[in-house]
Amino acid sequence: MADPMKIRANVVGDSTEVKVLMNHEMETGQRKDAQGKTVPAWFIQNVTATWNGKTVLNAQWGPAVSKNPFLAFKFKGGAKGEKVQITWTDSKGDKRTDEATIA
Amino acid sequence: MDARRREVLKTGGGVSLLALVAAAGWLKPGDALAQGAAWNKAAFETHSLDETMKAFGGSAPAQSKDIAFVSTPDIAENGAVVPVGVSSSIPKTESIAILVEKNPNMLAAVFDIPAGTDPAVSTRIKMGQSSNVYALVKADGKYYVASKEIKVTLGGCGG
Chain A
342 MADPMKIRAN VVGDSTEVKV LMNHEMETGQ RKDAQGKTVP AWFIQNVTAT WNGKTVLNAQ
402 WGPAVSKNPF LAFKFKGGAK GEKVQITWTD SKGDKRTDEA TIA
Chain B
43 MDARRREVLK TGGGVSLLAL VAAAGWLKPG DALAQGAAWN KAAFETHSLD ETMKAFGGSA
103 PAQSKDIAFV STPDIAENGA VVPVGVSSSI PKTESIAILV EKNPNMLAAV FDIPAGTDPA
163 VSTRIKMGQS SNVYALVKAD GKYYVASKEI KVTLGGCGG
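Heads up: the sequence lines are chains A and B, in that order.
First residue of the first sequence? That's 342 in the working numbering, and the numbers climb one at a time after it.
First residue of the second sequence? That's 43 in the working numbering, and the numbers climb one at a time after it.
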């Protein structure tokens, strides 16, 4: 299992701003190791953010997203104390879900 | 007024039940399958804007001034970490895609924007070399595009 994400969710006006820092290698499949063998691609493919059971963002990523990806977005609504959930799935089928409380 | 409240509760309950059924019966066992469908492999393997548009099933995008790059540098020192933010002021924005012209595969990321979410996302991408970066926005079934050149001092792909 991969390392936890860092999620910060803050109320800004009538919206909630979410910032996520994920821990992932995001291997492109283009790089070669010391032996000249291609390092197989391994990257996050899907990211879903939900708030109160409602999807607020859905992303599909390719290997061109940086290592330890950063993501920021905003959605209308959200109150202090409510939860925002982020789930990612990578190309190996690995999955991780983390939750943060809106502050 | 009370009757209306009942109605709202009823429909609300129905939706969550549906969601529950979907979650329990559908998504769990077919997870891998659902994933394959959700990730647009064809689109991520394209090498030009035209190909990407074909993979999305859209026609040629119109240039738009309503798409802005936010906190995106003109010169990136490290191609492995290029901050890119895209915001769209086109009404009914449904999705935002980030494409890098000279990367091995052009498409970097696609964000679906449900109603209620601001059509603005930022992330960090890798760039192999200095190149044009496109922000492709789908709004109300139509595609719009804006581009920005980002110079890279140190490449982020290969090496």
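Worth flagging that the hints you see were computed from the coordinates, not collected in a lab.
All C-beta atoms, glycine included, are put in the ideal place defined by N, C-alpha and C.
A hint or two may mislead.
[Claimed, not checked] Mimicking DSS-like on lysine-lysine, the simulated pairs with C-alpha atoms at most 30 Å apart in a straight line are:
{"hint": "1", "chain 1": "A", "residue 1": "K433", "chain 2": "B", "residue 2": "K134"}
{"hint": "2", "chain 1": "B", "residue 1": "K190", "chain 2": "A", "residue 2": "K408"}
{"hint": "3", "chain 1": "B", "residue 1": "K144", "chain 2": "A", "residue 2": "K424"}
{"hint": "4", "chain 1": "B", "residue 1": "K96", "chain 2": "B", "residue 2": "K190"}
{"hint": "5", "chain 1": "B", "residue 1": "K190", "chain 2": "A", "residue 2": "K360"}
{"hint": "6", "chain 1": "B", "residue 1": "K134", "chain 2": "A", "residue 2": "K360"}
{"hint": "7", "chain 1": "B", "residue 1": "K193", "chain 2": "A", "residue 2": "K360"}
{"hint": "8", "chain 1": "A", "residue 1": "K378", "chain 2": "B", "residue 2": "K144"}
{"hint": "9", "chain 1": "B", "residue 1": "K184", "chain 2": "A", "residue 2": "K433"}
{"hint": "10", "chain 1": "A", "residue 1": "K373", "chain 2": "B", "residue 2": "K83"}
{"hint": "11", "chain 1": "A", "residue 1": "K433", "chain 2": "A", "residue 2": "K408"}
{"hint": "12", "chain 1": "B", "residue 1": "K83", "chain 2": "B", "residue 2": "K184"}
{"hint": "13", "chain 1": "B", "residue 1": "K184", "chain 2": "A", "residue 2": "K424"}
{"hint": "14", "chain 1": "A", "residue 1": "K417", "chain 2": "B", "residue 2": "K190"}
{"hint": "15", "chain 1": "A", "residue 1": "K424", "chain 2": "A", "residue 2": "K360"}
{"hint": "16", "chain 1": "A", "residue 1": "K395", "chain 2": "B", "residue 2": "K134"}
{"hint": "17", "chain 1": "A", "residue 1": "K378", "chain 2": "B", "residue 2": "K184"}
{"hint": "18", "chain 1": "A", "residue 1": "K417", "chain 2": "B", "residue 2": "K144"}
[As the list claims (entries may be wrong)] Quick look at which bits of chain B chain A covers, simulated, 3 or more residues with Cβ under 8 Å:
{"hint": "19", "stretch": "145 to 151"}
{"hint": "20", "stretch": "159 to 173"}
Hints versus structure:
no.	hint	result
1	A/K433 to B/K134	violated, 34 Å
2	B/K190 to A/K408	holds, 22 Å
3	B/K144 to A/K424	violated, 39 Å
4	B/K96 to B/K190	holds, 22 Å
5	B/K190 to A/K360	holds, 24 Å
6	B/K134 to A/K360	holds, 23 Å
7	B/K193 to A/K360	holds, 26 Å
8	A/K378 to B/K144	holds, 23 Å
9	B/K184 to A/K433	violated, 33 Å
10	A/K373 to B/K83	holds, 23 Å
11	A/K433 to A/K408	holds, 16 Å
12	B/K83 to B/K184	holds, 21 Å
13	B/K184 to A/K424	violated, 34 Å
14	A/K417 to B/K190	holds, 28 Å
15	A/K424 to A/K360	holds, 13 Å
16	A/K395 to B/K134	holds, 18 Å
17	A/K378 to B/K184	violated, 42 Å
18	A/K417 to B/K144	violated, 35 Å
19	145 to 151	holds (count 6)
20	159 to 173	holds (count 10)
Checked against the numbered hints listed earlier, the structure breaks hints 1, 3, 9, 13, 17, 18; every other hint is satisfied.
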